[in-house]
Amino acid sequence: MKKAFLVGKWEYLEKVKTKTFLISLILTPIIIILFSIAPTLLSKQIENSTKPIGVIDSSGLYFNYLRQLVDRFRLANGQPNYILINLTDNSQKLFQTQSNAEEYVLSGKIDAFLVIKNGGTNSIKAEIKSNNTLEPDDILRLKYAVEMAKNNFILSKEGISASIRNSISEGIDFKVIKINDGKRGNSQDFSMLFLSTFVYILLLTMMILTSGGMLIRSLVEEKSNRLIEILISSCTPDELLTGKIIGLSSLGLTQVIIWTLIAISIAILGYIPLQVFNNLIPVFIYFILGFIFYTAIFVGIGSIVSSEQEAQQITSYLSFVLILPIVLTVPALENPNSMFVHILSVIPFTIPSIMILRFNIGNVPPLEVIASSIIMLISIYTVVGMSSKIFHIGILSYGKRPSLKEIIEWIK
Amino acid sequence: MLRVENLTKKFKDSVAVDNISFDVIRGRIFGLLGPNGAGKTTTIRTILNILKPTSGTITFDGKLISNEIFNIIGYLPEERGLYKKSKALDVITYFARLKNLSKVKAEDESKFWMEKLEIKNLANKRLEELSKGNQQKIQFICAVVHNPEILILDEPFSGFDPINQETIKDILLSFTNAGKIIILCTHQMETAEKLCSDIFLIDKGKEVCSGSLVEVKKSFGGNLVKVEFSGDGSFLSSLPEVININSYNNYAEIELREDVKPYEFLRLLVTKIIVTHFSIVEPTLNKIFIDAIKNRHQSKTINTAK
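Protein chains in written order, with this note's numbering: chain A, 1119 to 1530; chain B, 10 to 315.
For the record, the hints were derived by calculation from the structure and aren't laboratory data.
Among the hints, erroneous ones may be present.
[Claimed, not checked] Derived lysine to aspartate or glutamate pairs resembling EDC-like cross-links, with alpha carbons at most 16 Å apart: (1) K120(B) - D99(B); (2) K61(B) - D27(B); (3) K1120(A) - E87(B); (4) K203(B) - E224(B); (5) K96(B) - E137(B); (6) K227(B) - E202(B); (7) K235(B) - E273(B); (8) K134(B) - D99(B); (9) K93(B) - E1339(A); (10) K213(B) - D27(B); (11) K1127(A) - D179(B); (12) K134(B) - E124(B); (13) K72(B) - E14(B); (14) K1507(A) - E1527(A); (15) K296(B) - E199(B); (16) K1135(A) - D99(B); (17) K235(B) - E202(B); (18) K1235(A) - E1245(A); (19) K94(B) - E1132(A); (20) K21(B) - E1245(A); (21) K141(B) - E77(B); (22) K1261(A) - D1189(A); (23) K1133(A) - E1339(A); (24) K94(B) - E1339(A); (25) K96(B) - E1132(A); (26) K134(B) - E1132(A); (27) K235(B) - E262(B); (28) K129(B) - D99(B); (29) K1243(A) - E1265(A); (30) K21(B) - E1524(A); (31) K281(B) - E237(B); (32) K125(B) - E164(B); (33) K1133(A) - E14(B); (34) K281(B) - E224(B); (35) K93(B) - E1132(A); (36) K1268(A) - E1245(A).
Just chain B, with the same shape it has in the complex (with noise of 0.2 Å):
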C-alpha cells in the first residue's frame, strides 16, 4: 500500500499542495483527478521522490519512501517525447537498465514488450520516423519495462487510437491483477470511470472529494430516477414526493425529494401506472467533477464527501 498521509508542498509564493492524504491499495486502480494546476504533479513528483514534501509522509509498504523506489516506480509523464535521434530498442534497453535491470534482461524485456505491443519491427528505427501512436507505445513501455511495483501513468490513453486504447487498458487491468499500484491522472473522466476503483478529486491544492468510485458517485448523486412507462402519467407532476420532473409521453425524469426512498417510490407507481423500466439516475464522474470545482470555485466552501 501507497500511504500519503498530511502532505503539504509550499513553494517560495505558493502552497501546491495543502495538508492532503491518501491511501493507494494494491490491485486497484487510484485515479488522481484535478483541473489544470490543481497540485496533481505536484503530488505525483512527491510520490515519485523528486520533490521533497514540506510536511507529511510518504510511505510505501510501512517504509518512507527514499531512492530505493528507483527502481521499483514506473513513471509516465503527460508530456510526450523521447531521444528523437535515437533508435527504439536502443531507448527501452537505456531507460530499463537505469532502473537497474542487467544488460540481458534489459534486452529481453524491451523486445518482449515491443512484441505485445506489436512494434517489434520498428526496434532499429530511429524515434522520429515513428508515428505518433508508436512512439506513444515506447514511452509506454519505457514505463513499465522493469515490471514496476509502483506504476503512475500521466493521461496515458491520450494519442492513442481506440483499438490501441484497449490494448493499454487491458494490460493496465493485466497489472492490477498483479496486485501493482496504479495511479492514474486523467482529464478523461469516462476512462477514470470505466477503470478507476478508488477517485480522489484535488483542486487548488486542497482536496475536494475522495473514496471509493461508489461512495463518491452514491455522495454527489441527487435522488434522480428514470421512469419509462405506459398509462396516464399526468398524476406524476403533482406527487408531493416530487420536487422535479421532465416528463415525455411514455418516459419522466424525476427528481426526488432527499427522504424518499426510490423503491418506496416504485411501490407507488406501479400502484397506478404499469412501469416497464425503472432506474437510479448516478451522475458521471464528470458531472461530479464540474459540479464539485465549479461549487468550489462559487461558494470558496470544501465540499467533503467522506
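In isolation and in its complexed conformation, chain A is listed as follows (with noise of 0.2 Å):
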C-alpha cells in the first residue's frame, strides 16, 4: 500500500500543476455561472419595455374595468407592464375592426389584442391574438383580468356591493414553501432550486470528464512510451491501479473543495441564497462517490486504448450516460415521485446525479438512501475489480484495440 500512496502522491502534484487542471478549476465555475446567469438576465432585460395591448370589447362593458385590473402589474422600475389600446369601433363589422388589429400587431404598434364575445352575458368568450413578445405569465395574467372582468359584471349585476367586489378581484400572496424533515419550511424560489441542482450535476459531470479525460491521456503516454512497464516493474498492477484512483479522486476532492469555497463567498457576498447549501453533507458523499465509480470506469478504459483518438471515442460516449441526468434534470424536478425518478434511483449510472437533486427537491425516505448508497458501494467494489482485471492485461497489450468479447474474457 505505501507504493499506492507513492503513485497517488505523484499523480496528484504532477496533475495539480498542469494547465489543464487549472483551466477547469477555473473556468468550469465560470462557463457554469454565465450559461446558468445569463439566460435569467437576459429575460429580465425584455421585461424592461411596457407591452401595449390592444382590447376590442363590443359590449364596452370590461374594458374600463380590465385597465384597472392590469394596472397592478408593474415593471421592476414601476413603470406598468401592459397599456390597455381599446380599440372597438361599433360602426365597423367586428371582422373588420380585427383585420385592423392584426394589422397594428404585424407593424409593431400592438403586441397583442384581445376580442371579447358574448359581452353582457353569462358565458362570454375571449381571444388574444400575439406577436411572439407574449410570455406564457402575460397570458396567465391576461386571463385572468378577463375573468375577474366577467365575475365583477356578473357579481354587479346581483347587486354585490363594490367593497366586496374588490376584495374578491384582490390578488392573493402566493408562497411556495418547501418541508425539511420536519423542520420550519423555507420559501425557496423554483428557479433557484433547478439552477443549485443543475449546477452541481453540471459540476460533478465536468470534474468526471476533464479528470477522467486526464487520466486516460496520462496512461496511454505510459502504455505508449512503454513507462508502463517501469512501474509495474515496481510496483504491483493493483497498486499502481489504487495510486491512480487515490491520486485523482484527491485531484477532485480539491476541486470540490475549491469550487465550495467559491460559491460559499459569492453566497456571503449575497449573490445566491444560504439555503443552496442546505444539503452540502449528502451532495458531497454523492459526488465522490459518483467520482469515484467513474473514475474506475475511465482506468479500465484507458487501459484497453493504445491512442488519443480512441480514447476520446470512448470517452465521448461514456459523456452521453453523464450527460444523461442533466437532461433529465428538469422533468425530474416537475415530477419528483414520477416512477423513473424512482428507477434511476437505483442505476450506479444515474444514482449520484439523481440522489443529488432529489435531496435539492425535498425528503428522501431514509430507506432509499441507504439503498442507493449501499448500490453505488457495490458498483464501485465490482467496477474496481473489472477495470483492475482488464487493467492487468490492457496495459501489457499494445495495437489493436481489443474486442468486447476478449474484454470479457478477460473479466472471467
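With the hints as a guide, bring the two chains together.
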C-alpha cells in the first residue's frame, strides 16, 4: 500500500500543476455561472418595456375594469407592464375591426389584442392574438384579468357591493414553501431550486470528464512509451491502479473544495441564497461516490486504448451517459415522485446525479438513501475489480484495441 | 545467479517463448539476442515478473522470483520517453522511491547519478525541454538509481553519441565488477560482441544457440585463415587441404578442410613461402546472427551449437 500512496501522491502533484487542471478549476464555474445566470438576465431585460395591448370589447362593459386590473402589474422600474388600448369600433363590422387590429400587431404598434365576445352574458368568450413577444406569464395575467372582469360584471348585476367585489378581485400572496425533515420550511424559488440542482450535476459531470480525460491521456502516454513497464516492474498493477484512483480522487476533492469555497463566498456576498447549501453533506457524499465510480471506469477504458483518438471516442460515449441526468433535471424536478426517478435512483450510472437532485427537491426516504449508497458501494467495488482485471492485461497489450468478447474473457 | 529453466509462455493463439533455458551469472554481461518478434520482450517480462510463465521456472539465487524482485531489479525498456511535463530530478526521485528508497536516500542517489552523467545542471528542467541524449541519460539513471542487483537493458546505447556510449559502457563494466547480473538486449552485434561474455540467440520463441561468446564463435567458425606472405603463392590453390581460396599478390584468405588443423597448415606453408602474417579468422557475431537465423528460416532445422 505504501507504493500505492507514492503513486497517488505523484499523480496528484503532477496533475495539480498542469494547465488543464487550472483551466478546468477556474473555467468550469465561470462557464456554469454564465450559462445559468445569463438567460435569466436576458429575459429580465425584455421585461423592461411596457407592452401595448389592444382590446376589442363590443359590449363596452369590461374595458375600464380590465384597465384597472392590469394596472397592478408593474415592471421592476415601476412603469406599468401593460397599456390597454381600446380598439372597439362599433361603426365597423367585427371582422373589419379585427383585421385592422391584426395590422397593428404585424406593424408592431401593439404586441397583442384581446377580443371579448358575447359581452354581457354569463358565457363570454375571449381570444388573444399576439406576436411572439407575449410570454406565458403575460397570457396568464390577461386571462386572469378577463375572468375577474367577467366575475365582477356578474356580481354587480346581482347587486353585490363594490367593496366586496374589490376584495374578491384582490390577488393572493401565494408562497411556495418546502418542508424539510419537519423543520421549519423555507420558502424557495423554483428557479433557484432548478439552478442549484443543475449546477451541482453540471459540476459533477464536468469534473468527471476533465479528470477522466486526464487519466486516460496519462495512461495512453505511459503505455506508448512503455513507462508502464517500468512502473509495474516496481509495484504490482493493483498498487498502481489504486494509486491512480487515490491521486485522481484527491484531485477531484481539491476541485470540489475550491468550488465550494467559491460558491460560499459568492453566497456570503449575497448573490445566491445560503439555503442552496442546505444539503451540502449528502451532495458531497454522492459527489465523491460518483466520482470514484466513474474514475474506476475510466481506468479500465484507459488501459485498453492505445491512442488519444481512440480514448476520445470512448470518452464521448461515456459522456452521453453522464449528460443524461442533466437532460432529465427538468422533468425530474417537476415530477420528483415519478416512476422513472425511482428507477434512476437504483442505476449506479445515474444514482449520484439523481440523488443530488432529489436531496435538493426535498425529503428522500432514508431507506432509499441507504439502498442507493449500498448500490453505489457495491458498484464501485465491482467496477474496480473489473477495471483491475482489464488493467492487468490491457496495459501490456499494444496495437489493436481488444474486442468486447476479449475484454469479457479478461474479466472472467 | 539468475536461472531460467524450461520457460514457456503461450498466449491465446501463439507460443511466444518455447521451452528455453539459460543461466545469467553474476559479473558477466549476458546478451539476449534475436530478430524482432523473437520472444525477447516476453522473456524479459517474465523475468520482471510482469507476466507469469505458462510453464517453467525463473529463480534468483535459488529462490523463485516473486514481487520481492521489484526492489532489486532495474529495467530500461527499448521505447524511451518519460513524463514529459515533469522535472528531471522529480522523475528520477519518484522512480527511486518506487524502488523503496527512503526519501533522503532517493534524492541523494538521484543527485549522485545526475552528477556522474554530467547533467546536474538540468535537475529542475522539464523533460520536454531536454535534448534526446539527455532524456536518455535520465531514463538510464531511472533504471540504475536504486543500485539494482539485476539489470535488464533493452538497447541501452541507441540514441547516444559515441562519447556517451563510452560512458554508459564504462558504467556497465563497473557493474560487472560489482557482481551484478546484467541482461543486455541489442541488435548492435558489435556492441554485444565487445561487452557480452555469454550470449543467447533466440528466434521465434526457440533457442538458436547459446553459450559463452568464445564457444559460440568456435562452433560457428568455419576453418578460415588469413595469410600474408612473400614469394610465389600460386601453389596454394592446388593444395589438397584447401577448399576455397581468395588470393591476391601477397595475401590470401583460405578456407581449409574441416579436419585440417590451422597450425599444421602453417607448418606446411613455412616450408614453401615466407609467411609474414598468419591468423585464424573468427566469424563476427553479426555473421553468426545472420547465418544462424537465415539457416533456421531456410532449413527449419534447429541448429544447436551446444
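Hints and how they fare:
1. K120(B) - D99(B): holds, 11 Å
2. K61(B) - D27(B): Within the cut-off at roughly 14 Å; holds.
3. K1120(A) - E87(B): Violated. K1120(A) to E87(B) sits at ~28 Å, over the 16 Å cutoff.
4. K203(B) - E224(B): Status holds; Cα separation ~15 Å.
5. K96(B) - E137(B): Status holds; Cα separation ~9 Å.
6. K227(B) - E202(B): holds, 14 Å
7. K235(B) - E273(B): holds, 14 Å
8. K134(B) - D99(B): Holds. K134(B) to D99(B) sits at ~10 Å (cutoff 16 Å).
9. K93(B) - E1339(A): holds, 9 Å
10. K213(B) - D27(B): With a Cα-Cα distance of about 8 Å, the restraint between K213(B) and D27(B) holds, given a limit of 16 Å.
11. K1127(A) - D179(B): The given pair, whose Cα atoms are some 35 Å apart, is violated under the 16 Å limit.
12. K134(B) - E124(B): holds, 15 Å
13. K72(B) - E14(B): Distance of about 13 Å is within 16 Å: holds.
14. K1507(A) - E1527(A): With Cα atoms ~10 Å apart, K1507(A) and E1527(A) stay inside 16 Å; holds.
15. K296(B) - E199(B): holds, 11 Å
16. K1135(A) - D99(B): holds, 13 Å
17. K235(B) - E202(B): Judged against 16 Å, a Cα distance of about 21 Å means the pair is violated.
18. K1235(A) - E1245(A): Within the cut-off at roughly 8 Å; holds.
19. K94(B) - E1132(A): Judged against 16 Å, a Cα distance of about 8 Å means the pair holds.
20. K21(B) - E1245(A): It is violated: about 76 Å lies between the C-alpha atoms, which goes past 16 Å.
21. K141(B) - E77(B): violated, 33 Å
22. K1261(A) - D1189(A): holds, 14 Å
23. K1133(A) - E1339(A): holds, 14 Å
24. K94(B) - E1339(A): At roughly 12 Å apart (the allowed maximum being 16 Å), E1339(A) and K94(B) satisfy the hint.
25. K96(B) - E1132(A): Between K96(B) and E1132(A) the Cα gap is close to 10 Å, so the pair holds against 16 Å.
26. K134(B) - E1132(A): holds, 14 Å
27. K235(B) - E262(B): holds, 5 Å
28. K129(B) - D99(B): Holds, because 13 Å separates the two Cα atoms, which is no more than 16 Å.
29. K1243(A) - E1265(A): holds, 10 Å
30. K21(B) - E1524(A): Status holds; Cα separation ~10 Å.
31. K281(B) - E237(B): holds, 13 Å
32. K125(B) - E164(B): violated, 21 Å
33. K1133(A) - E14(B): violated, 43 Å
34. K281(B) - E224(B): violated, 33 Å
35. K93(B) - E1132(A): The hint holds at about 11 Å.
36. K1268(A) - E1245(A): holds, 14 Å
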